[in-house]
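Please model the entire structure based on the sequences and the hints provided.
In terms of the UniProt record's numbering, the numbers along the sequence shown are unbroken and rise by one, the last being 191.
Calculated directly from the structure, the hints in this document are not laboratory data.
There's no promise every hint is true.
Label pairs and their computed distance ranges (CB to CB) [to be verified]: (1) R181 to T106: 19 to 25 Å; (2) T22 to G168: 27 to 33 Å; (3) A153 to I27: 35 to 41 Å; (4) E10 to G101: 21 to 27 Å; (5) T30 to G54: 37 to 43 Å; (6) P146 to G85: 29 to 35 Å; (7) R181 to G101: 25 to 31 Å; (8) L161 to F37: 29 to 35 Å; (9) R25 to A153: 35 to 41 Å; (10) G85 to E108: 19 to 25 Å.
Using N, Cα and C, we set each Cβ at its ideal position, and we do this for glycine too.
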Amino acid sequence: MLSSARSIQEIRERLRVELVDTRGRAIGDTTVHEAHFGDAGLLHRAFSVLLVNGRDEVLLQRRAATKRRFPGLWSNTCCGHPGPGEALVDAARARLTDELGIRVATLEVGGAFVYRAADPGSGYVEHEYDHVLVGEFDGEPPDIDPAEVSEVAWRPLDEILRELDGAGATAFTPWFGQVVRETRELRGVGS
Numbered sequence: 001m002l003s004s005a006r007s008i009q010e011i012r013e014r015l016r017v018e019l020v021d022t023r024g025r026a027i028g029d030t031t032v033h034e035a036h037f038g039d040a041g042l043l044h045r046a047f048s049v050l051l052v053n054g055r056d057e058v059l060l061q062r063r064a065a066t067k068r069r070f071p072g073l074w075s076n077t078c079c080g081h082p083g084p085g086e087a088l089v090d091a092a093r094a095r096l097t098d099e100l101g102i103r104v105a106t107l108e109v110g111g112a113f114v115y116r117a118a119d120p121g122s123g124y125v126e127h128e129y130d131h132v133l134v135g136e137f138d139g140e141p142p143d144i145d146p147a148e149v150s151e152v153a154w155r156p157l158d159e160i161l162r163e164l165d166g167a168g169a170t171a172f173t174p175w176f177g178q179v180v181r182e183t184r185e186l187r188g189v190g191s
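Structure (structure tokens):
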């Protein structure tokens, strides 16, 4: 199973991503691997999805141990990269289905932010123009992909915010705090 997960990761590293400038305008494309390799990483388009249930809890995932960047850390429901020219919402919906077996009718597009984070364990760099999308979902993910996700949990947003402000922040991916803030602003969740 571990070698299968690694093979899936290697295939995903060869997918194309859209390079952008600091305003989010497309300027070219490259592979996932090349976008994350090197000291600075190449600024590219990404998305982060956060699903909220009827109790104002958010669905988190713990990234699989086989992930090349930030393995084993808690993060938003899912994240990924649209291919060059691919519609953002379509890419996000596909990723939700691939990673968790979740289908949602609506994803609301919120803000976007630029961040850069080096993974000390792998040497890879995340340098992304990250769009935040928020959707509603009640229940448990029906089909978790173990190459991507090791576990999921529903958590109250106010509890997560306290952890992000305290010693628990190291349990989360570097971009997650900004995703939570964008979600809170967009939906008023946890305010």
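Each hint, compared with the structure:
The beta-carbon spacing between R181 and T106, approximately 21 Å, falls within the hinted interval of 19 to 25 Å. Take T22 and G168: their Cβ atoms lie about 31 Å apart, and the range 27 to 33 Å holds. Under the hint 35 to 41 Å, the C-beta atoms of A153 and I27, about 38 Å apart, fit the expected range. With their beta carbons about 23 Å apart, E10 and G101 fall inside the hinted range of 21 to 27 Å.
Against the hinted window of 37 to 43 Å, the Cβ-Cβ separation of T30 and G54 comes to about 41 Å, which satisfies the hint. Range check, P146 to G85: about 30 Å between beta-carbon atoms, so the 29 to 35 Å window is met. One distance hint, 25 to 31 Å for the beta-carbon pair R181 and G101, holds here, with the actual separation near 28 Å. A hinted range of 29 to 35 Å for the beta carbons of L161 and F37 is consistent with their spacing of about 33 Å.
Between R25 and A153 the beta carbons are some 37 Å apart, a value that agrees with the proposed interval 35 to 41 Å. Between G85 and E108, the C-beta spacing of about 22 Å keeps the proposed range 19 to 25 Å intact.
Checked against the numbered hints above, the structure breaks none of them.
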